[in-house]
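Peer 1: Sequence:
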Amino acid sequence: LTQAGRADDAEKQFLEAIRIDDSYAEAHYNLGLLYLERGDIDAARRQAERAYALGFPLPGLRRRLERYGSPVNP
Numbered sequence: 001l002t003q004a005g006r007a008d009d010a011e012k013q014f015l016e017a018i019r020i021d022d023s024y025a026e027a028h029y030n031l032g033l034l035y036l037e038r039g040d041i042d043a044a045r046r047q048a049e050r051a052y053a054l055g056f057p058l059p060g061l062r063r064r065l066e067r068y069g070s071p072v073n074p
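Following my numbering, the numbering of the sequence shown begins with 1 at its first residue and continues without gaps.
Certain hints may be false.
Computed Cβ-Cβ distance ranges for the label pairs, DEER-style [what the hints assert, rightly or not]:
| hint | residue 1 | residue 2 | range |
| --- | --- | --- | --- |
| 1 | Asp21 | Arg67 | 29 to 35 Å |
| 2 | Pro57 | Asp21 | 16 to 22 Å |
| 3 | Lys12 | Arg67 | 16 to 22 Å |
| 4 | Arg19 | Gly69 | 16 to 22 Å |
| 5 | Arg19 | Asp42 | 27 to 33 Å |
| 6 | Ala7 | Tyr68 | 16 to 22 Å |
| 7 | Asn73 | Arg6 | 19 to 25 Å |
Hint data in this document are derived by calculation from the structure and do not stem from the laboratory.
Cβ atoms here follow ideal geometry from the backbone N, Cα and C, with glycine treated the same way.
Can you build the whole structure from these sequences, using the hints too?
Peer 2: As structure tokens, then:
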């Protein structure tokens, strides 16, 4: 949905998935990417921290946040 220009719909889907299962690391990760693309660095970092705390393995969001000077706490 985010690639199709439907970021608002994607955000709703990610938030609903997290509401149903807060341990869904991939939803936190993707929501973090969406927030980062919108320029909401703090929200992106919060979602990244949750995704990585849940063991999500992909480092891309962490690296992108570090480039913005907003490192993710382990």
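Peer 1: Can you list which hints this structure breaks, lowest number first?
Peer 2: Hint check: 3, 4, 5, 7 fail, others pass.
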